[in-house]
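Chains as they are written, first to last, in this note's numbering: chain A, 180 to 432; chain B, 7 to 324.
Treat the hints as calculated values from the structure; they're not laboratory data. Don't take each hint at face value.
What the hints assert, rightly or not - Straight line, CA to CA, 25 Å or less: simulated SDA-like cross-link-like pairs of lysine to any residue:
hint, chain 1, residue 1, chain 2, residue 2
1, A, K229, A, V367
2, B, K250, B, D230
3, A, K314, B, S50
4, A, K422, B, G300
5, B, K320, B, E276
6, A, K334, B, S50
7, A, K314, B, K250
8, B, K320, A, G429
9, B, K250, A, R361
10, A, K314, B, G246
11, A, K334, A, D291
12, B, K264, A, V367
13, A, K229, B, G115
Said to hold, decoys possible - Now the stretches of chain A that chain B is said to cover, found in silico as 3 or more residues with beta-carbon under 8 Å:
hint, region
14, 295-302
15, 413-420
Everything numeric in this text was worked out from a predicted model, so none of it was measured. Every residue gets a Cβ at the ideal spot worked out from N, C-alpha and C, and that includes glycine.
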Amino acid sequence: MDSVVLLRPVPDPVEELELNDDGTDLDRDYLGYVLNEFDDHALEEAILLKEASGGSVTVLGLGSADEMEQILHTALAKGADEAIKLGDDLSQLSVSSQAEIFVSALEGRSYDLILTGVQAADELDGQLAVRVAAKLEIPHVSVVVGADAGDGSVKVTKEFWGGVTADYQVQTPAALGIQAARQAPRYVAVSLIRQAQQGGALSEIDVDPPPETSGVRVVSVRVSETGEGAEMIEGDEEAAAEKIVEIIRGAGV
Amino acid sequence: MSDVFVVTEHLQGQLTETSFELVAQARTIAAQIGGQVVAGLVGSGVTGLAAELGGADRIVVVDDPAFENFSPDGHAAVFGSLIEDSAVVLVPYTSMGMDVASAMSTTSGIPLVSFCASISVDSGLGATCQLYAGKIEADVEVDGDRAIFAVLSGSASAEDGRSGAAAEVTRVPNPVGSELRSTCLGLVEPEGGDVDITSEDVLVVVGRGIESEDNIAEAQEVADLLGGAVAGSRPIIDQGWLAKDRQVGKSGLTVKPKIYLTLGVSGAPEHVEGMKDAETIIAVNTDPQAPIFGVAHYGWVGDIFDLLPELVDKLESD
Ligand SMILES: Cc1cc2nc3c(=O)[nH]c(=O)nc-3n(C[C@H](O)[C@H](O)[C@H](O)COP(=O)(O)OP(=O)(O)OC[C@H]3O[C@@H](n4cnc5c(N)ncnc54)[C@H](O)[C@@H]3O)c2cc1C
Ligand SMILES: Nc1ncnc2c1ncn2[C@@H]1O[C@H](COP(=O)(O)O)[C@@H](O)[C@H]1O
């Protein structure tokens with residue numbers, strides 16, 4: 180099975196997020212970017228498919244952040260065969276524009292599966308896998324937690340809720356939105372990443388950002404109200420532990 | 007073209023809570039923009055479910071054996087063909103809705119707004135969305151006079167969407183045929199484990215902040231001292247550190263214990279969905295911005311590894 184994995188860097192959700200002066204976006208000057216965690220699962224699933232039944236893995240990365248090259252080299256070190264970096268400064272595009280770019284980058288390539296994360300923390304207008312599939316007129320399954328290669332088809336497990344899943348036989352080519360790989364994404368030694376940096380399997384394609392057509396505009400952003408409901412416990416861990424036990428006992432437990 | 011269309015969903019013969027929430031929300035929107043509330047119902051042998059959707063003015067049903075099970079692109083295509091007269095389309099932001107909403111938007115060109123916590127229609131179409139795992143709220147506006155909103159669960163009261171009234175039911179033939187590109191091989195129910203977290207009074211809930219599988223033992227100790235159980239957020243389950251039936255949230259279980267103590271859980275909307283109705287929520291997190299403090303009743307900003315030994319001490323001497 181030949182897989183293409185779409186990778187997007189997103190602002191690191193663990194960092195303190197600050198807003199720009201006019202309150203319309205994050206202050207991106209100081210933001211660190213990390214690979215969208217679900218994309219990491221998509222990559223893992225693609226590598227597992229290759230290990231189980233052969234084929235290849237190509238990764239396409241969107242954006243210019245320094246982190247992008249690191250992300251692509253890491254993917255190569257983990258087992259991707261080829262990595263392609265798509266253009267400059269594209270990370271703030273809407274998902275519908277991102278889908279446009281990926282679709283044009285895929286032109287002339289043959290593939291059985293397109294995998295990407297089920298969603299990204301910064302997207303407003305839907306999920307990439309389904310958008311790419313709809314543009315290419317190929318089937319899609321979102322919220323996938325495992326895939327198995329077949330002949331001309333792929334068997335995928337889609338998760339509903341409460342732990343209920345359903346298995347689907349899907350004609351290929353198909354696009355999958357990966358929620359979780361069958362196993363946690365692997366770690367890779369720094370030495371292998373360094374090797375990948377020297378390996379020359381990374382190429383770059385220049386893309387012009389397409390006209391923005393999502394039709395959705397952010398007017399203002401704010402840090403979500405926290406502490407609105409929570410009464411904050413002051414003091415050190417000892418004081419906190421005491422108070423927490425008091426609350427629990429007060430609830431009759 | 008001012009109808010408000012609701013994509014309803016059902017699993018194992020039952021309409022989901024979110025479907026009723028969206029009907030309730032659609033009523034509010036329809037009252038503001040005029041037009042009817044139209045509920046779409048797609049499946050096999052589902053016409054009977056229409057009786058529960060009296061909160062809508064009209065129900066459009068596609069009842070066809072081809073839709074015995076949810077078909078990601080099949081349902082997307084069917085719903086896409088039903089929304090032509092609608093100004094506003096509400097889709098649940100669930101596993102099924104995620105396949106339907108983006109596909110409908112791409113094919114029709116109608117803008118999609120995802121992660122909606124609330125929708126506003128007073129001056130053009132807009133919504134408030136939760137981004138960055140709930141850390142950031144964004145107000146967005148839509149160009150033009152049509153939009154698809156993928157709505158987080160809990161955005162309206164499901165009770166308000168239930169009604170015994172009889173809506174007009176229109177049956178429409180299957181517009182996409184029976185040749186679906188994905189075939190459902192069947193639903194798989196989760197295996198029951200040793201502990202049923204939905205019936206525990208006390209849950210000690212570990213998130214990614216717990217850092218390693220070994221550290222869960224400390225949380226377990228606290229749970230044991232309290233006569234409760236350990237549960238986890240999704241990454242903990244995906245890592246294989248806890249069994250699937252210990253997951254709380256959108257794709258896990260919904261719990262309402264007396265005490266819900268979170269350790270290093272950020273409070274992403276998908277997690278909050280499964281625990282917001284717990285009686286007393288206590289959150290511990292090093293990040294004062296963590297959205298979990300917005301739903302918790304009590305919070306402490308600090309390190310769980312500092313707290314846990316103290317907590318064990320206090321409980322042991324209690
Ligand atoms: C379709 C879909 C369904 C999903 N379903 C679910 C679901 O059912 N359940 C679920 O939980 N998630 C679900 N998710 C995932 C969800 O979006 C979040 O990714 C997840 O809830 C985050 O888990 P977390 O809070 O443990 O991790 P993180 O968001 O990484 O948060 C870790 C937190 O720990 C804090 N921390 C770190 N170290 C310490 C320390 N030493 N002391 C104290 N605090 C510390 C950090 O400040 C941070 O806030 C779903 C996602 C999707 C797309
Ligand atoms: N909106 C929907 N329309 C049609 N089918 C659905 C929808 N939501 C869920 N289903 C699927 O219908 C299948 C059978 O549902 P039911 O007939 O309710 O038992 C389930 O496997 C669901 O995947």
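A quick look at each hint next to the structure:
| no. | hint | in the structure |
| --- | --- | --- |
| 1 | A:K229 to A:V367 | holds, 17 Å |
| 2 | B:K250 to B:D230 | holds, 20 Å |
| 3 | A:K314 to B:S50 | violated, 28 Å |
| 4 | A:K422 to B:G300 | holds, 19 Å |
| 5 | B:K320 to B:E276 | violated, 32 Å |
| 6 | A:K334 to B:S50 | holds, 23 Å |
| 7 | A:K314 to B:K250 | violated, 34 Å |
| 8 | B:K320 to A:G429 | holds, 15 Å |
| 9 | B:K250 to A:R361 | holds, 13 Å |
| 10 | A:K314 to B:G246 | violated, 35 Å |
| 11 | A:K334 to A:D291 | holds, 12 Å |
| 12 | B:K264 to A:V367 | violated, 42 Å |
| 13 | A:K229 to B:G115 | violated, 35 Å |
| 14 | 295-302 | holds (count 5) |
| 15 | 413-420 | holds (count 5) |
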